[in-house]
Structure formats: C-alpha cells, structure tokens
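4 protein chains.
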Amino acid sequence: MIVVLHRSAASEDVAAVADRVAALGMMAHVINGTERTVVAATGSEDEAHRETLASMAQVESVMPILAPYKVASLEAKPEPTQVVTGSLTIGGGVCGVIAGPCSVESEEQIMTSARAVKAAGATALRGGAFKPRTSPYAFQGMKEEGLKLLAAARDETGLAIVTEVMTPTDVELVGDYADVLQIGARNMQNYRLLEACGESPAAVLLKRGMSSTMDEFLLAAEYVLSRGNERVMLCERGVRTFESHTRFTLPLATVPYLHARTHLPIVIDPSHGTGVASLVPPMMNAAIACGADGLIVEVHPDPPNAASDGPQSLTPDAFAKAMIACGKVADAVGLTMDTTNV
Amino acid sequence: MIVVLHRSAASEDVAAVADRVAALGMMAHVINGTERTVVAATGSEDEAHRETLASMAQVESVMPILAPYKVASLEAKPEPTQVVTGSLTIGGGVCGVIAGPCSVESEEQIMTSARAVKAAGATALRGGAFKPRTSPYAFQGMKEEGLKLLAAARDETGLAIVTEVMTPTDVELVGDYADVLQIGARNMQNYRLLEACGESPAAVLLKRGMSSTMDEFLLAAEYVLSRGNERVMLCERGVRTFESHTRFTLPLATVPYLHARTHLPIVIDPSHGTGVASLVPPMMNAAIACGADGLIVEVHPDPPNAASDGPQSLTPDAFAKAMIACGKVADAVGLTMDTTNV
Amino acid sequence: MIVVLHRSAASEDVAAVADRVAALGMMAHVINGTERTVVAATGSEDEAHRETLASMAQVESVMPILAPYKVASLEAKPEPTQVVTGSLTIGGGVCGVIAGPCSVESEEQIMTSARAVKAAGATALRGGAFKPRTSPYAFQGMKEEGLKLLAAARDETGLAIVTEVMTPTDVELVGDYADVLQIGARNMQNYRLLEACGESPAAVLLKRGMSSTMDEFLLAAEYVLSRGNERVMLCERGVRTFESHTRFTLPLATVPYLHARTHLPIVIDPSHGTGVASLVPPMMNAAIACGADGLIVEVHPDPPNAASDGPQSLTPDAFAKAMIACGKVADAVGLTMDTTNV
Amino acid sequence: MIVVLHRSAASEDVAAVADRVAALGMMAHVINGTERTVVAATGSEDEAHRETLASMAQVESVMPILAPYKVASLEAKPEPTQVVTGSLTIGGGVCGVIAGPCSVESEEQIMTSARAVKAAGATALRGGAFKPRTSPYAFQGMKEEGLKLLAAARDETGLAIVTEVMTPTDVELVGDYADVLQIGARNMQNYRLLEACGESPAAVLLKRGMSSTMDEFLLAAEYVLSRGNERVMLCERGVRTFESHTRFTLPLATVPYLHARTHLPIVIDPSHGTGVASLVPPMMNAAIACGADGLIVEVHPDPPNAASDGPQSLTPDAFAKAMIACGKVADAVGLTMDTTNV
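Those protein sequence lines, which keep their order, are chains F, G, X and P.
What the first sequence shows, in numbering that gives the first Met the number 0, is residues 0 to 341, in sequence order.
What the second sequence shows, in numbering that gives the first Met the number 0, is residues 0 to 341, in sequence order.
What the third sequence shows, in numbering that gives the first Met the number 0, is residues 0 to 341, in sequence order.
What the fourth sequence shows, in numbering that gives the first Met the number 0, is residues 0 to 341, in sequence order.
Bound conformation, chain F alone (with noise of 0.2 Å):
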C-alpha cells in the first residue's frame, strides 16, 4: 500500500510512519517528492493495516494496491468456472437462462411457468417461497409449501431450481429442496448467511448489493468460497442511482470488469435491473451481447395477477420470442446458449 504523508510532515514523522509500517510485517520504501514525501509499504496488504496507517497523525491518506480477495481473483485460478447443476449449466462459454416467476402461488401458477419456461429454452427454473418483501404487510411467500411445488415442478420437467433463502437457519431447508440457493441483493452483506451457504451443497447464486462496489461483491462471494462451496454465480441485478424511469440502472460493464478479474461465471438480471417488463429483451440481448454467462429472468403466466413484480415479469410469450432473439445474439458473439440439456 501507498501511504501519502501530509505536505507538513517532518523527517521525523516520515521515521514514525516507517517504524510502523515495519511494525506491522511489511517493508517500507520512503520516497521523497517534490511537494509530498510517500512511504510505499510492501508485503501482505490488509485492511486492518491500512486502517492503523491512515489513523496517524501525519498521514493524509493510504491507498491499498492489491484486491482484497483471494480465492474468487484469476490469480488463484485463472480458467473460468463453470458451475453444473442438475440441468443447469453456466460459465465457461456457455450461456444458460434461468427463468420463472417472481413468487410461487400455486400448484397451477408455478407448474404453468415451469413448462412454458423450458419450451423457450431456460434450463432452470427460479421463483421464490421465501420472499424479503420491504413491507411487513406483503405477501411474504408460500415457504415450505412452495418449497415443496417447486421440487414438484422439478420433477415434472427436469428443470433446476434456484430459490432464495433469506436466513442462516433456513439454509438446510432451502438447500433440500432447491439446485441453486440464491443470496438476495439485500443479503449480499448478510455475513452469517453467506457463511451457511458456504457450507451447503448447493450451488450459489449471489446477487449484487443495490450500492455495493466490485470490491465488496467480490468479498461477499469469498465468504462463500472460503467455506469450501466452490459453485458460486454472481449476478448483476441493477444498481441504485438518482435514475428513476428504471427500479434500478443496470450496469453492463460489470460483465468483462468482472471476467477481467475473477473466474467466477456473471449473470444478468435484466428484470429487476430495469423493472419493466418491455426493457427486459433489449437489455437481455445486450448482456449476452457482451459476454454474460447467464441470464436470470422473471417470466409470469398472467403477470396482471403476479403476487409480486407483475410489472417487470415477461409474459411466456414474450420471453419465448426473446429466447430466440437472445439465441442469435449468441451466435454472433460466439456464446453457446445451452436450451437443450434437460
């Protein structure tokens, strides 16, 4: 890390921020500039270090140079991953589709969804029993029950299913039923979950934080990785900023920043990251344009009486024909978009 001295430092105070940089089991470096003296410390960089730097008196600033994580960088593994399970398959130049309700609401609704879903081509199914509702009067989700439709639906069509789980002790739970757990973006920070998805067998789907930066999403997928569950996703659903003719604005950089820099497979979620369902095949042909490795996209048999995000949900019509729209996009990138292994 850099550490930039105020322009008022004395040689004296260069001294000190030296001693504790060799304090703290890196080596320094002073250099001497023509308005400001840095002190370049080498060897392992962490966050508690560069805390106790920038905590001196005479320090004006620290500035970290490597990333913070490990095991989700290139560095440790430098050739994509490619997460298998069940019938869904993503990463590692194959594009799969998630799709499927918002909620599940009934035997009908979810059954109807999973079939119209794999026609198109998704591979997995997604809709959610526990459901992280920001009204407490909301509809809060079928839980158990629509656990159970879900592994219902499952065996009917082969699909894989991808679930939320919303609390360290419904992991298990979510996990016997569920292919994929997914994290919620309002998790993304819920370290204790993170920690007991770590430790299930389940595949991972992570979802960015509404204001979390790389860094931050990166280290939340590391909690997962460092328990020992390698089968993590990331997912770009939309960040929040003052646009407000979207939910959120959805970011597309992220899908090479992010292959530039971890070999975990991105996928997008176009649905939550524009909140209207006309936006969704545009901005899903554009994130498998640039190269996401997966799509997660809300799909409602009658989305006027969708439970939740009727508003952002694609009608199976819709989404059949954004299916092929999608297909040919992938073609003229050189992605393989998997719609035939269930």
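A hint or two may mislead.
Identical copies carry no separate label here, and so any pair may be met within one copy or between two of them.
Unchecked claim - Keeping only pairs whose Cα atoms sit at most 20 Å apart, straight-line, the calculated SDA-like set for lysine to any residue is:
(1) K320 to G157
(2) K320 to L23
(3) K76 to M26
(4) K147 to G157
(5) K69 to P131
(6) K76 to E34
(7) K76 to R6
(8) K320 to L73
(9) K69 to E171
(10) K69 to R132
(11) K142 to A47
(12) K69 to E34
(13) K69 to F138
(14) K142 to S105
(15) K76 to M62
(16) K76 to M55
(17) K76 to D169
(18) K147 to T111
(19) K69 to T133
(20) K69 to H5
(21) K142 to P167
(22) K327 to G92
(23) K320 to P79
(24) K327 to A27
(25) K147 to L73
(26) K327 to M110
(27) K320 to D330
(28) K69 to A259
(29) K69 to E59
(30) K147 to P131
Hint data in this document are derived by calculation from the structure and do not stem from the laboratory.
All of these numbers come straight from a predicted model, not from anything done at the bench.
Put chains G, X and P on the given structure of chain F with help from the hints.
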C-alpha cells in the same frame, strides 16, 4: 393511488382498469384530461394492488398517494417517542449521546473507553462484539467474550450498552447483555433479523441502509414495531453517492424530514457518515443544530491501534472537546442535551 | 397534475386548492379518499403551475402526469427521425458509427485516424478542436487550427466531421467546418449554447449530462428543436454513480426507454461510458444488441501518446476488430449497420 | 503519482514504464512488492502524464498523489480569504447571508423582498434576471429589466446584489449591475463562462455542479482564480443522489472538508439543497453549526405566486425567525454572523 393510462388507451381500456380497481376493493374515479385519462383509486392502498394495475397493458404508470408505513407514522402516534433504557434517554426533546469504540478489543480498551466517554457526557457505551466485516479475513469481533466485557463496563460505569446483532439466532444472547440492539446498515432489510428484534425486550437502534429510501427505512422500522417492540431509534449513518472524499455522504435533512413523518427518534452517526475523524466534530454540531435526538460517535483511546475504524475514531480528548461544543449548540436550538443521568 | 392535500386539510383548504387550479386555467376534480383528498387538475400542465400548487400551505405534493417535452416526443412525431449529414446516416433502422481521437493533435494524427476509422467502417470522424478540460492547466485543444485539420480530413476521406462546440459565439465558426456540432455532457444545460445550436444549419449530437434525468435530457433537446433544428441525435455517455471501477456507469436501458418516448436517434458512447479501452468493444456489442442507432468511439493511432483520453481510446486494430463483431450483432438483431456509404 | 503494473508485468515492462516516467520529466522509483511492482513517479504531476502512463499496456492503474488545483489551495494561501463587496462580507470568520427571491418578477416584488431580507439581517440580495430553466417553455427571467430592478433595490436598501450570469457575452452587462456574479450549478464546467468571470471586476459565487467532485469544484474555481479574479466564493447547493424525498442531497461535510483544503469561503444554499421550505431553517442552523462562511436563501413575499421555486422559498416571516435562530447557533460555535453592516 393514481393510475395513468397510455395516450392510446381506448374507452374499453379505461373500463377495464376501472373494473380491476373495483375488483381490488377500491373505488374508481375516472378523470378524462385533454391528453390522458387517469383513474384515481380510493380506499386501501397496497403495493400488490399497485403492481397489479401497473402490469396492465394500457397502464403507463401508477402513483401511490399514501405512505406505506403505519405504526411508524405520525398519523398513528402524533407525539414523539422517547426511548429510555438504563442510563440512556433519546427523543422527545432530549438528545442523548452514545459513544465508544467500533469494536470491543480487550478489557482495558473497553474500560478506558467507557470511563472516557462517560466523563465527557455520553450516556451510553457502544462497542461491537459481533462485527460485520467486508472481508472474511478481517477481525470478526470478540463475540460473547466481547459482550461480557461490555456488561462489565456497564457494571462499573452505569452506562447503557449499545451493540450490534447480526443474525436472528444471536438476538437472545446479545439481548441478555445489551440494553440496545443495533441493527447495522447492511442488515436494514434482513427481515428475519428485524422480526427477531421486534420480539426482544431490548430497545433497537436501526441504521439506515446505505442506499435505502426513506420509505424503505420506515418500513424496516415497521417490521420491528409490528412485532410489538415500540422502542425503536432510527439512525442516519450516511448514504452511498458518487462522492469519494468522505466515506459516505451524510444527509442531515433526514432529521427534519423524518420528524415530520414519524414519532420515532432520529440518531445521527457522524463517524460512519464521514469516515474521517476531523470531520466528525463539525458534523456533531450540525446534527444537533438541525434537531437530532441523539448521536452515536466512535471514540477510541488509541485510534492507530484500533482493530477497526481507526481513521474515523475520535480520541477521548477530541470527543470531550466536541461534547462541550455540542452542548452549546443544543442550548442555542433549545434542545436538552442529556449528559447527567448516569 | 395530481395535487395531494395534507391529511389535516379541511374542506375550505380543498376549496382553496380547487379555486387555484381553476384560476390557473385548469379544471379541478376533487376526489375524497378514505385518508386523503386529492385534486386532479386537467388541462395544460406546466411546471410553474406545479410549483404554485406545491407552495400552498395545505398541499403535500403535486405529481405531474404529462411529459414536459413536446417536439421531441413520439406523440408529436411517431416515426423515427433519421439524421443524414454528409457521409453519416443515423436513425430509422440504420446504425452509423462515429470514431476518431478525443482531440485533434496534428495533421498526421488526424489523417492517420481518419483513414483508419474509415477503413474499419466508421462513416464519420470525431475529433475535438475546442476541448472542455477539468483543469485550466490542461491542453485546451488546437481550436480553429484543429477545425481546419478536420476539414482537410473530410476532404481526403469523405467522412462527415463531428466536433464539439463549447460556447454560443463559436457556433458559427465550428459550423463552418463541421457537419455535426457536438454539445458535451457538461454543457447539456448550457441553454444559450443549445439555442445557438438550434439556429445552426449543422446537425447536433447532444450528450446527456452526467447526472441528468431523462426528462431533463429531452428538454435540452427541446431547446434545440424548438429553435428549428430538427437534426438532433441524443447521446448516452454514462452517468455518475457510486461506482468507481469504471469512469462512468453506462445505462444501456436508456436506448429502449428513449425509443418508446422520442423519435430522435440514440447514440451510445462506450468510451466515456466506461473509461477503459478493454471494456469498450463488449459495450459496443451490447449497445447494438439493444437497438442503438449509432456509436461514437474514441480511436487513437497511439493511445499512450494521446493528448487526452488515452486510457479509453482503442487502437485502430482493436477498433477494426470491434467493428467486425458489431456487424455480426447488428445482423443478429436486424439492424442495418451502415459502413459503406462513404 | 503511483503507477501500478499488472501482475504479469516482466522486467522489461517495468523498464519501459520507468523510461516513460523519465521521458515525461519525472523521476522513477521502482518498488518491487511481493505480488506487484509499482513505479513511484516524483516531480510535477499532471493529468496528461497520468493518462499517458495509464494507457501503457502493462499498466493496471495510476494514482495521483498531489491535488490538481494550485491557486485555490491552502498551500498557496494558508489564511482564509474574506470576500468583501459592498454590504456583503463573507469568510475569515464572518458569516454573511444572501437572501431574496429566485427570480426578479416586478419592482414591487423585488423591493418588498429586499426590505424584508434586510430587516431580517441579510447583507446581500439575490434575485435572478437571467434564469436557466429546464424547459424552453418556462419563464426565462426579466433579463436586463430585472438587472435594473435589482440595482434600484440596492440604491434603496444598500444591499449588495447577487445575480446569475449564464453566458460569457453577458458577463459585462451583468457585472455593470451586480456586485456578485453567480455561476449556476449547471454552468460549473462552462469553461468560457468561468474564464469571462475571471476577468470581471465583480466577485463570483460559484455553485457546485450537482454531481461534481471536490477536485472538479476546486478546479472550476481555479479557472476563475487563474484569470486574476481572487474574490471567489464556493457554494454547496446539494448533489444528485438516489434520494427523492428532497430535491437534492445536501452534504454539509463539504464545509469542513473544503476548509481543510482551500482558503476560499464556503456558502451553503439550503433552499436548492432541500427543495422544501420547511427543511430550510433546520439546514440553515446546521450549516452555521459546522462552520459555513455564508448562506444563500430563497425568500419570496408570496411563495405560491412565485414565478419559480415557490415550494422552497421562505416567507419573510419564516426567514426572519430562522435568522434569529441562526444567530444563536453562530454565537454557540464562535462564528460572527454579520447582520449589521448595511
């Protein structure tokens, strides 16, 4: 709520919307403007109804009229709530100050901190035993051992204890030691945790998520309140914006805004709100000047040796000086600063 | 517009609001809900009326219903506008590409750039002669000398010229040399400049301000359009958010969102939108995939020696390769990529 | 500046970077860490050099060390600048208040306003004659007629006049009537305007752009200062964030942050900073409490009939009451509130 139809909506579309409004148990009022038709729906408003209407093909947008929170609203309880727990009183014209280190690190550290913040006029001690850390490799807190040290500090000083709880299964344990359960910004929408705190006899300090809206903040409080725990304090700790010169951006207008909508007391955290120790005292003054009901401030006997948050921690001396300044500002704006009830 | 009264509003308050609505030339429709009264005001909506009503003591908020822009709206002109100027065609199903260096630096540099981007399929040349620079000490552009070099490049290659104009008094001069006047993001609300460009015979490329809303963006276009210049292209170049891993955050949902509201063509600038050369080609693909009408891309023969924006400039080779990829994506989504009309 | 090389950089890459650093006139210090090599470049730092190095193939990132502004810095002038013009004194421990309507609307309106704000203790009158409006169809100000009315108000009351100038060719005209040229937030990076104001004998109130960083803000001031105009006041008027309950988010930490970096006085605009009249008085208190050198407040004799900004305008009575409160806060923090020098 107000349903705005697309310009191209025909009379049968208007009728369909009006019928749906009625089917949802609301009364429809059709208003034909010169360019658009809107349908005003009166009666109970809920998010699911908004989504249902927004999902209809001829609907352009739906605007809610009523606030979605109930128990937290001034309409439910016009008089300000004063939270009293042990030595701490916050709200209802009384401003209390919570201070202490980011993390509990040792008996000596927490005892020194407790004595110092008490001497300066704080009426509660903060200190983290369970620490939510961005990196899995960072110090995660002393856990129950830390809680015991906090309790010992209360025994000696009489200061109420404020400490974070991160997961529902720890609520009982933390509640056994603490007077106030702190729910961190990253857990503001950890609904199972909110519910568990709602069932605890301890008071709750709920921190605003770093990109949460005011409605989301009050609905998170509503999760706690609706489970029966009435002693909720709201804490503004800064939001994430494009600004990088401070760790977060501290929007003090939150104080008067919330005072006009909720009876719950508002506490300001200038330490996380700025991330820089030298900016903390002026922001303490500013918070008091606009009517904050409380402050929560990081104070550490030796910031460069703090296990976490050193750069934003005040020394005991700086804190004592800042408290004197705050007392004068409180007098100027007619707020009672409570520094004497330990 | 919809006027929401405070909960405490009495019947005389409602009458006062209704009277004021009528005095402003609109028709008032009073709707008594169970908790609130709202007054729907139909007729012409303008911002001044909204503010007048919002300033009344018993009014809580006023929500506009109608879009504030007129000439730019699809309602005013349902068919897409195609801007044609010299070799450049953008809009109406045709995607054109503008490319070249950030700044004009020398005859050799601009000629080399022009030949390279033409060879790769661009149909217009960009290059700044008047440069808006954050620091007064930075290179401010070659000014008229730069314009002459651009004109010389057009003479040789036939490429239309796109270059920035920074102040109203330069509009005529820049218009003498350029085919398209670029209005930079920092000048999106420089109203005297917008008006001056509205009176120029040259086409206009209007860049979105880095924190402008969609309504503000379209109203800026409206300033140009309302002065009689119909050849306006809107350019999304990224917005400022908390994200720091890219220079700006590029929200591609702008493309389909604007296509549903305006007839003006939408151009994407992935160079400023990311600030990192390696992220530009995937974002070019993504922009085409979601239906962009054009791209503007920074290309420099020798990025490390560029006078400005080297880190986000593609080399000619990288650009040529990216253009081939874009052509395939355009085919996949049924867009005509215009690379042949020079 | 600090140049961080890619992990894969070989010794010849390091040499190439070091050579380039030397060729740019800086001295290169190579530091080999355990995982990365960095090259510290000492000597004069400029943005062009940063970009050159950042564009090199083996360079991952370049971090500047020195602040890019010069004349505005505390290092150039350690003592605070006090701007004195006519009746207005701001800075150097003296807090002055500028107040008045958003727009000049009529002789009666501006005279009534001037008398009222003077009576309450303001020492300068604000009022817009040239109005930057989001919509081309909105009231654009009374222009020179408005300037004459402002001058008449000064003649009667003795109050210094603060009014906006929007374009370089108007600087002389506005300067003939005004004591202080206001540069609006939307023009903070209108460089030709900054330069023209830098050559005016009038003082300048420079508003921060709604998403400008601190460095950009100070560099905009530097444009004015570097042309010889030393009487520059910086005005924080709120930034654009995801928050929609206020018009902008007002980050008061700007005050102490800037005081630690620049000698220029800092003025707070709580009217635009919140957009809501009821939030203005508490934010006035808060601004004073954290050390603001001045306030600029919108006051209108009849807000619902204001031509612009009614919802955020205080009535004369509310302003008078707020000024009394501010005076007490100023006393509490040891700031001299100047209300008597007219």
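Going through the hints against the structure:
no. : hint         : in the structure
1   : K320 to G157 : neither (22 Å within a copy, 41 Å between copies)
2   : K320 to L23  : neither (59 Å within a copy, 31 Å between copies)
3   : K76 to M26   : neither (28 Å within a copy, 36 Å between copies)
4   : K147 to G157 : within (15 Å within a copy, 52 Å between copies)
5   : K69 to P131  : between (30 Å within a copy, 19 Å between copies)
6   : K76 to E34   : between (41 Å within a copy, 15 Å between copies)
7   : K76 to R6    : between (42 Å within a copy, 14 Å between copies)
8   : K320 to L73  : neither (36 Å within a copy, 25 Å between copies)
9   : K69 to E171  : neither (27 Å within a copy, 35 Å between copies)
10  : K69 to R132  : between (33 Å within a copy, 16 Å between copies)
11  : K142 to A47  : between (41 Å within a copy, 18 Å between copies)
12  : K69 to E34   : between (35 Å within a copy, 12 Å between copies)
13  : K69 to F138  : between (39 Å within a copy, 17 Å between copies)
14  : K142 to S105 : within (12 Å within a copy, 43 Å between copies)
15  : K76 to M62   : neither (26 Å within a copy, 27 Å between copies)
16  : K76 to M55   : neither (37 Å within a copy, 25 Å between copies)
17  : K76 to D169  : neither (31 Å within a copy, 36 Å between copies)
18  : K147 to T111 : within (15 Å within a copy, 55 Å between copies)
19  : K69 to T133  : between (34 Å within a copy, 13 Å between copies)
20  : K69 to H5    : between (32 Å within a copy, 16 Å between copies)
21  : K142 to P167 : both (15 Å within a copy, 18 Å between copies)
22  : K327 to G92  : both (15 Å within a copy, 18 Å between copies)
23  : K320 to P79  : neither (30 Å within a copy, 23 Å between copies)
24  : K327 to A27  : neither (55 Å within a copy, 45 Å between copies)
25  : K147 to L73  : neither (38 Å within a copy, 42 Å between copies)
26  : K327 to M110 : neither (28 Å within a copy, 37 Å between copies)
27  : K320 to D330 : both (16 Å within a copy, 17 Å between copies)
28  : K69 to A259  : within (14 Å within a copy, 37 Å between copies)
29  : K69 to E59   : between (28 Å within a copy, 18 Å between copies)
30  : K147 to P131 : within (19 Å within a copy, 33 Å between copies)
Consistency note: the structure conflicts with the earlier hints numbered 1, 2, 3, 8, 9, 15, 16, 17, 23, 24, 25, 26.
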